[in-house]
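So the protein sequences, as listed, match chains A and B. Heads up, the first sequence is in our numbering, so the first residue is 1 and it goes up one at a time. Heads up, the second sequence is in our numbering, so the first residue is 1 and it goes up one at a time.
Where hints are given, some of them may not hold.
To spell it out: a stretch of chain A is covered by chain B in this simulated footprint if at least three of its residues, at any positions, have a beta carbon under 8 Å from a beta carbon of chain B; those stretches are [to be verified]: (1) 40 to 46; (2) 98 to 109; (3) 113 to 122; (4) 127 to 140; (5) 242 to 248; (6) 481 to 494.
These stretches of chain B come out as covered by chain A in the derived footprint (C-beta under 8 Å, 3 or more residues) [unchecked claim]: (7) 26 to 40; (8) 62 to 73; (9) 83 to 91; (10) 100 to 114; (11) 126 to 134; (12) 239 to 253; (13) 335 to 349.
No lab work stands behind these hints: they were computed from the structure. No residue lacks a Cβ here, since even glycine has one placed at the ideal position from N, Cα and C.
Number of protein chains: 2
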Amino acid sequence: MPADLRDAFDAYERAIIANDLDALDAFFAPGPDTLRGDAAGLLVGHDAISGFRSLRGGVPPRRIAEIHYRPLATANEGESSDGDIALLMSVSQFVGGGRGLQTQVWERVEGQWLITAAHVTPRTPALDRTIWRSVGDPFLQGAWEGPLEGLTVAVKDLFAIAGFRIGAGNPTFLEEARPEKATAPAVADLLRAGASLRGIARTDEFAYSIAGDNVHYGTPPNGAVVGALPGGSSGGPASAVALGHADIGLATDTAGSIRVPASYQGLWGLRTTHDLVPRQGMLPLAQSFDTIGWLTRDGETLQRVADWCLSYDGSASTENVYGASGDDLPWRFLVPDEILDCADAATREAFSKLLAAFAASDDPPSFRAVHTGDLDATFAAFRTVQGAEAWRNDGDWLRAHPGAVGPAVAERFRVAAQITAADERAARAELDPLAAHLAELVDGAVLIFPTVPGPAPQRTADVHAVRAATLRMTAPAAVAGLPAVSVPLLTVDGAPVGVCLVSRAGTDIALVRLARRLAALVASGSRS
Amino acid sequence: MPADLRDAFDAYERAIIANDLDALDAFFAPGPDTLRGDAAGLLVGHDAISGFRSLRGGVPPRRIAEIHYRPLATANEGESSDGDIALLMSVSQFVGGGRGLQTQVWERVEGQWLITAAHVTPRTPALDRTIWRSVGDPFLQGAWEGPLEGLTVAVKDLFAIAGFRIGAGNPTFLEEARPEKATAPAVADLLRAGASLRGIARTDEFAYSIAGDNVHYGTPPNGAVVGALPGGSSGGPASAVALGHADIGLATDTAGSIRVPASYQGLWGLRTTHDLVPRQGMLPLAQSFDTIGWLTRDGETLQRVADWCLSYDGSASTENVYGASGDDLPWRFLVPDEILDCADAATREAFSKLLAAFAASDDPPSFRAVHTGDLDATFAAFRTVQGAEAWRNDGDWLRAHPGAVGPAVAERFRVAAQITAADERAARAELDPLAAHLAELVDGAVLIFPTVPGPAPQRTADVHAVRAATLRMTAPAAVAGLPAVSVPLLTVDGAPVGVCLVSRAGTDIALVRLARRLAALVASGSRS
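Just chain A, with the same shape it has in the complex:
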């Protein structure tokens, strides 16, 4: 190996260990063609690679145990040595155990060796702690047969599992919790149907966020978009399902916590009718809006889960659901103007193309624009009621544990703590007309709109404005207590965006059927 290449390799390795971002940036060839990939995905272009590094933090201490040099191209004789290209594959041995593998293509440019492509395998962790608190194969075996036999479940860390504590995304809360005596019905129903638990998946702290980040355990990887937020608060279960670690995410949705990660990661996500799935053994955020639901990679699996969990023999909700879900929902859709206006231009355009494709299909549904009224006012009132309930649930604990939660969630609780009983009463009164209006709209039709404003933001983005727009889109179904499913039907800038369908209370099973009918229409359209 040329001595100057070895020097460059060694200097790069020192920069890695020191996490010297400027030096690392300088070692990668500038321009849009440079490649760097690992298990989280492939980054294309020098800038994307720099952005990733700013979030990674350092690499644990290691030494190079092996290095293999393969010259690939040699500069022509007599010319400068520019154009030399070499492959280096090296094995690193970590001081704390474990090995890594680095593949680098180096090229001599103006006398300097630069990396034009890299593929990195860091040492494999026992588990991805951003996704999982605990995981097993299985973590808990379900019945050996049943309609969900062979499926695995990522349980959001808000549900009681006998013998385990609830962690709620906060290590202090987890440490003080006691093992649960009984398993939540929502968990037990899945086990009884033959599904097994893969593990306990991370949640944003107390489920009070839609970003999917957690200051204590890190941000789960988005399974669909490299470097993007996973969406929350069910980010752990969503990433687990998107990455194939589990088939079903058992999650909760208060203000969008199932629908947002479903949209961000190209999954199916169902928020059930309020009060339909019993919430015993589930740590509450805001009882007026809290619901239980599921995330899956496909509509068929979501249907199997909903069919069983909402209708099994012995379920508290059977009668309720079968009354309303036996019949198919109408093939008539309403597009709520004010919700659609919250979406990005690119998302609105993709959505409008989708509606046009539906209209041009063999099985055209009807569409009509409707108004929901002012979403700013609705959202302010929603946030007030949610905050008042959240503070009643968690205020004592937060007061007793100052500094135990991350800054964004702490700020949300700080605001919530100021809400007076009069504020709450006024807010509830303000929400009633919207709930009544939505209930009226879905009596004979189904609302359809993009689930969120657009693709998952990058982890480096400022998400303040996105959060505000998102909650305006997701809160209305919560206010009205209606079932809402997010279906990955849109692609915007190469990333998935969900389409949300909202139907009459108790029609959850029929709603998934309807969503599958729409998805089939998209699939047949793309085939023709």
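Assemble the complex: chain A is given as a structure, and chain B must be docked to it using the hints.
Relative to the frame of chain A, chain B by itself:
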């Protein structure tokens, strides 16, 4: 991208999905320079790559989501196109969720595109099921302070943890087991000292093997030697420690189950004096020889663990150990001829160089050769007693579950079932003199010899002869109930081999100190 390169890439991808080994072999350039790496390590040379593939099994269904082409070298004009070199980096999307990344260097040789280097990142599983049954961060939190604070433990799946079942490396056994009511003292001692559990790690079925393979869950990766057996029966905890998933492996050693994986993976491993560490809550294999011990990456950690677990306030073994372990062991070593003869020539040579280096050091210990007597006879008697006890422990279960265990372990139990009471009595009588002889030898000196015959065999190797030689080396300490530590002091053909020290009963803590003194001598020798 040249059309013929794209064709080659697509054909290779089809061969991957079909697991067409011949086609895959043909796509990789022949010769010793071809490279292929993944998280398990880097394979060098076409033959090593072929060998790996024969064991891998297929790749789950996937499609190529992205492909990036970078030409690296171009054949000179006018000549044949031989010499063209291209880099392809591609992202695969798995049907069952998750993404993978492939980097390939392709070269046109005699008109054919061949892969000369490849780096593969398959989709990341939730956990490595060959190493772990369940894992968490933490799996179970220990005391928040104490002498082992911050260390993580991989618990071999033979120990009781309150609320969990013991699996013993067999899925049928696990399924029928009931959750344990109490935690084994050996586990509780670690928790009480501030260590946390990382998870429950795999064992060979009923711990009745030293290979480290398990037909149900697969073979854990050897953390030191690519493609080699991990050693067993504590292969799960050993791999977990070697890979940095955990700091301490809590394991058992009946006939070598701690020392063998320690040697194979370059770890420190202590088999404690028989009956020193209480075995409550540990599933027995053969009570006359069963012991509890630990695996670590370094001597300091092993010392911390032994110091605490063998002497903490309230330990059943405190008095016993402090009596015998307070003083340092003599700096006098005995090399047992018959045990050394079981080692490979290369290992014997490395061992003899090590002794020479010790002798030439500033702190030379004394060495003397001794005889243990015929190991064939010893081992036959050992196997008889072990088999008789194993059958008493597990025979009822095995009879009730025909076909539930893998063939190698089933065969071992089948032989064990034939052992008569008279056989057992005779065997015990035969072992007594060896035990007495060894006890005499270690009264005033310490036995030293290579832990096992040589480096970990490759997973593709026939291990029959190795197994026989290994057990002849590991059984004597078990027969005499003496403490034995394996220290990674030898390197043979680039792979680690342990040096085993055996000392007087109850001197376990002092034995680890002695081992560290020897290791320090090696370290100072390599520095000078």
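Now for the hints, and whether the structure bears them out:
1. 40 to 46: Contact hint for the segment 40 to 46 of chain A vs chain B: holds, 3 residues under 8 Å.
2. 98 to 109: holds (count 5)
3. 113 to 122: holds (count 4)
4. 127 to 140: holds (count 11)
5. 242 to 248: That given contact holds, which follows from 5 residues of the segment 242 to 248 of chain A lying within Cβ reach (below 8 Å) of chain B.
6. 481 to 494: violated (count 0)
7. 26 to 40: Satisfied; 5 residues make the cut.
8. 62 to 73: With 5 residues in contact (Cβ-Cβ under 8 Å with chain A), the coverage given for the segment 62 to 73 of chain B holds.
9. 83 to 91: Held - the segment 83 to 91 of chain B has 4 residues with a Cβ nearer than 8 Å to chain A, which meets the minimum of three.
10. 100 to 114: Coverage by chain A holds for the segment 100 to 114 of chain B (3 residues, Cβ < 8 Å).
11. 126 to 134: holds (count 8)
12. 239 to 253: Held - the segment 239 to 253 of chain B has 7 residues with a Cβ nearer than 8 Å to chain A, which meets the minimum of three.
13. 335 to 349: violated (count 0)
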